[in-house]
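*Asks:* One letter stands for each residue in the lines below.
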Amino acid sequence: MRKTILPAFLLSFVFVFLAGCGKSERPVDVAAREGILLFGNGSEPQGLDPHMVTGVPENHIISALLEGLITYHPTDDNLPEPGMAERWDPNEDYSQWTFIIRDDAVWNNGDPVLASDFVYSWQRMLSPLFGAKYADMLYVILNGEQFHKGQIENFDRVGVKAINDKTLQVTLVGPTPHFPNMLKHYSWFPVHPGTVEKFGGMNEMTSRWTLEEYVGNGPFNMAEWAPNQVIRVVKSDTYWDRDRVQLNEIHFRPVSNANTEEAMFRNGELHLTNTLPPSQIAIYQQRNPEVLRIDPYLGTYYYRFNMDRPPLDNIKVRKALAMAIDKEQIVENITRGGQIPATGYTPPGMTNYEPLDMAHFNPERAKELLAEAGFPNGEGFPEMEILFNTQETHRAIAEAIQNMWKTTLGIDVTLLNQEWKVYIPSQQNQDYDISRSAWIGDYMDPITFLSMWTTGNGNNNTGWSNPTYDNLISAIKQEGDPEKRTALLHKAEEILMEDLPIAPIYWYTRIFLKDPRVQGWDPKLLDNHPYKYVSFSQEG
Amino acid sequence: MFKFICNRLLQAIPVLIIIITMTFFMARLAPGGPFTQERNVSPEILEAMNEQYGLNDPWMVQYVRYLGSLLKGDLGPSFSSPGRTVNEIIADKIPVSLELGLLALTFALLVGIPVGLLAAVMKNSPADYIPMTGAMIGICLPTFVLGPLLALTFGIWLGWFNVSGWFSPSDRILPAITLALPYAAYIARLTRGGMLEILSQDYIRTARAKGVPEWKVVMKHAIKGGITPVVSYLGPAFAGLLAGSFVVETIFVIPGLGRAFVESALNRDYTLVMGTVIFYAVLLLIMNLLVDIVQVLLNPKLKFEEA
Numbered sequence: 001m002r003k004t005i006l007p008a009f010l011l012s013f014v015f016v017f018l019a020g021c022g023k024s025e026r027p028v029d030v031a032a033r034e035g036i037l038l039f040g041n042g043s044e045p046q047g048l049d050p051h052m053v054t055g056v057p058e059n060h061i062i063s064a065l066l067e068g069l070i071t072y073h074p075t076d077d078n079l080p081e082p083g084m085a086e087r088w089d090p091n092e093d094y095s096q097w098t099f100i101i102r103d104d105a106v107w108n109n110g111d112p113v114l115a116s117d118f119v120y121s122w123q124r125m126l127s128p129l130f131g132a133k134y135a136d137m138l139y140v141i142l143n144g145e146q147f148h149k150g151q152i153e154n155f156d157r158v159g160v161k162a163i164n165d166k167t168l169q170v171t172l173v174g175p176t177p178h179f180p181n182m183l184k185h186y187s188w189f190p191v192h193p194g195t196v197e198k199f200g201g202m203n204e205m206t207s208r209w210t211l212e213e214y215v216g217n218g219p220f221n222m223a224e225w226a227p228n229q230v231i232r233v234v235k236s237d238t239y240w241d242r243d244r245v246q247l248n249e250i251h252f253r254p255v256s257n258a259n260t261e262e263a264m265f266r267n268g269e270l271h272l273t274n275t276l277p278p279s280q281i282a283i284y285q286q287r288n289p290e291v292l293r294i295d296p297y298l299g300t301y302y303y304r305f306n307m308d309r310p311p312l313d314n315i316k317v318r319k320a321l322a323m324a325i326d327k328e329q330i331v332e333n334i335t336r337g338g339q340i341p342a343t344g345y346t347p348p349g350m351t352n353y354e355p356l357d358m359a360h361f362n363p364e365r366a367k368e369l370l371a372e373a374g375f376p377n378g379e380g381f382p383e384m385e386i387l388f389n390t391q392e393t394h395r396a397i398a399e400a401i402q403n404m405w406k407t408t409l410g411i412d413v414t415l416l417n418q419e420w421k422v423y424i425p426s427q428q429n430q431d432y433d434i435s436r437s438a439w440i441g442d443y444m445d446p447i448t449f450l451s452m453w454t455t456g457n458g459n460n461n462t463g464w465s466n467p468t469y470d471n472l473i474s475a476i477k478q479e480g481d482p483e484k485r486t487a488l489l490h491k492a493e494e495i496l497m498e499d500l501p502i503a504p505i506y507w508y509t510r511i512f513l514k515d516p517r518v519q520g521w522d523p524k525l526l527d528n529h530p531y532k533y534v535s536f537s538q539e540g
Numbered sequence: 001m002f003k004f005i006c007n008r009l010l011q012a013i014p015v016l017i018i019i020i021t022m023t024f025f026m027a028r029l030a031p032g033g034p035f036t037q038e039r040n041v042s043p044e045i046l047e048a049m050n051e052q053y054g055l056n057d058p059w060m061v062q063y064v065r066y067l068g069s070l071l072k073g074d075l076g077p078s079f080s081s082p083g084r085t086v087n088e089i090i091a092d093k094i095p096v097s098l099e100l101g102l103l104a105l106t107f108a109l110l111v112g113i114p115v116g117l118l119a120a121v122m123k124n125s126p127a128d129y130i131p132m133t134g135a136m137i138g139i140c141l142p143t144f145v146l147g148p149l150l151a152l153t154f155g156i157w158l159g160w161f162n163v164s165g166w167f168s169p170s171d172r173i174l175p176a177i178t179l180a181l182p183y184a185a186y187i188a189r190l191t192r193g194g195m196l197e198i199l200s201q202d203y204i205r206t207a208r209a210k211g212v213p214e215w216k217v218v219m220k221h222a223i224k225g226g227i228t229p230v231v232s233y234l235g236p237a238f239a240g241l242l243a244g245s246f247v248v249e250t251i252f253v254i255p256g257l258g259r260a261f262v263e264s265a266l267n268r269d270y271t272l273v274m275g276t277v278i279f280y281a282v283l284l285l286i287m288n289l290l291v292d293i294v295q296v297l298l299n300p301k302l303k304f305e306e307a
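Line by line, the protein sequences give chains A and B. Each residue of the first sequence is one higher than the last, beginning at 1 in this note's numbering. Each residue of the second sequence is one higher than the last, beginning at 1 in this note's numbering.
There may be inaccurate statements among the hints.
Which bits of chain B does chain A cover? Going by a derived footprint, with three or more residues having C-beta under 8 Å, they are [stated by the list, open to error]:
#1 31-41
#2 48-61
These stretches of chain B come out as covered by chain A in the derived footprint (C-beta under 8 Å, 3 or more residues) [claimed, not checked]:
#3 65-73
#4 147-156
#5 183-194
#6 262-275
Rather than coming from a laboratory, the hints here were simulated on the basis of the structure. C-beta: ideal position from N, C-alpha, C; glycine also.
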């Protein structure tokens, strides 16, 4: 008996201790009362310099800290919303734009935001020594590409000029009616020149200004950056539209594990999650539909065909493979998050651009085409491999397609998964047969989807080359009439869908959980939710 | 003893050099690089970035340069977090990992040793079978099952804890227990085995024959020798708790070194890979040294010269 005393004592100690830790109020309740948004933000940001980063979590934080000339509209991504610029005017063919910066636009250290700050920032983006990964976004500026490639050394020759302190004039390579939509992207955001200079100058790649002295011009200021833990931003009292800002703070929590995030939401530790595991969607639809959000998202999930590997160079083979994919079944049984089977490449939702209705599931025609290509019932078809980056859903989709091709076409493919940093070079070096891919639009214009398929484009990676397509894309970049431009865009995409170097599978949705108290979080195709419009409702 | 320590430290140097060299080249042999990303980066930008981080030089040049800065204690800049240095990242995460590791180790010992003692003393009784079956399950149950299970029970159902973060003291409990349970189970088995061996020794029989009370036999005479296996396990266990906390850190969103270690490899953050590997290697070497010293102190049969 005596010998059991010690463990029993220890056990009771543990239980007393545990019982003492009971919580009375959940963190989300306290935070909602205090105007603090608890936001699940995916992975830890790699940085917060708008000119360095490329990721979505980074974008979420940067758009709280900085603001560009034009910013995201709270409900419709097609519409421009004045940011640092209070108004703007294009010339007749949209190739030159003048921006008037508002008088009350200031940096949070008190300095006014000047037109020259944008000139400085864009020079930094285009500086060949700095290595901004999104530098090609600015190639739309006259001579921007030449400066970035070192063919021009004098930045004065690049089409951006500060006419005076508050007037910025931008000359573009050609007519660009969608320029305001491009400007919303963080690669166009200004940085505070004085601060960047203080921390090593515009070409300093390892600058510490974002870590030590984040001077911003956005609705929130950086308060704390605890890596892998939390990034805390607090309401700015120098922001020009501060009266509209209702949140006092936002806490960005980097949670890379979707199951953990879901548990955090359930346990009252987050108002918003970044995502939701597919297996949980049905459960939430049934039990808690009021917290589940499924919003359309400007992205396409597709398979690339390596055109340099026969028989994938045969258009009939590509068509047969694409037509044998039952997309309906994939979105209903695997992804299960309201994704739309893709009938074209460019996703729906952009004004004046109807998505194509071309790529359909047609098993009978697929069989015929494969027979015409010389492989009746798949006989003699060489063994092919589907490459995908290691992830559960990608595997499930690949297995489904493997099965569809087997039953419909009688061909055998094998699956190959690679870790992300192995998969990317495989794809970029065209070291694959068929490869799982995805593209998320950077701004609201079909060209962000279509320009990548020109011959030799760094994001093409299929070996596909069609001179008519290339000419059309060049023509689009010179077309000032919006209607004609849309017609050209459609024509280009029709060629892409006719030649099928890729098989579109579905258009993305954003699936996440949202506390019903959070207001002003409207469905947005680019998933940008201007925080100044976000608030908590009173009840609850 | 001083000579012994010096000897062991000298032996550690070649081991470290081999580890550093192998890690350095293996990291670079892996496909992809720190700047590999889905959206294609133009060759000009890639060139500029490689130049900045000295990745354009031949590997041998990079290697010698790395060793040079390492001698000065400089682990270099991180590739995946521009502006931060590896020294800074590791220094930032060590306190978290140490705290988590120490808490877990304490818990593992507090649970494992008493359970093992009890099982040994009451050999072949339910007090032996039940905890030992539990221990076997504890060893087998992976942390990625145990963690969410504990989070579900004590977080979501009972509402006692947060299921994420590293903010308040109560945030430490679930991760520490998750991390500790498999170790506690193993320690319990080690204790039981060690005690059983000692309890069958002659000097224990002598003590019992002299009428020493049973609790005194166990707690005074037997325990010192009985827990020797546990002591030698402590070094690797502590290092394992520190380095093996990746899953627990991911499940509970803890900013520790385990995550930095795994993610650095996934990101091809060469310098951070090197930094964390060196840190863990040094830690393991020191832990083993400490264990050897403690073992000699505990066991009069061993001498420093022989150990």
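*Asks:* Are the hints correct? Go through all of them and say.
*Replies:* Quick rundown of the hints versus the structure:
Requiring three or more residues with a Cβ within less than 8 Å of a Cβ of chain A, the coverage given for the segment 31-41 of chain B holds, as 9 such residues are present. For the segment 48-61 of chain B, the stated coverage by chain A holds: 3 residues have a C-beta nearer than 8 Å to a C-beta of that chain, and at least 3 were required. Under the rule that three or more residues need a Cβ within less than 8 Å of chain A, the assignment of the segment 65-73 of chain B is violated, with 0 such residues. Counting residues of the segment 147-156 of chain B whose CB lies closer than 8 Å to any CB of chain A gives 6, which reaches the minimum of 3, so the coverage claim holds.
For a cut-off of 8 Å, the count of residues in the segment 183-194 of chain B with a CB near a CB of chain A stands at 0, and the three-residue condition is violated. For the segment 262-275 of chain B, the stated coverage by chain A holds: 3 residues have a C-beta nearer than 8 Å to a C-beta of that chain, and at least 3 were required.
Of the numbered hints listed earlier, those contradicted by the structure are 3 and 5.
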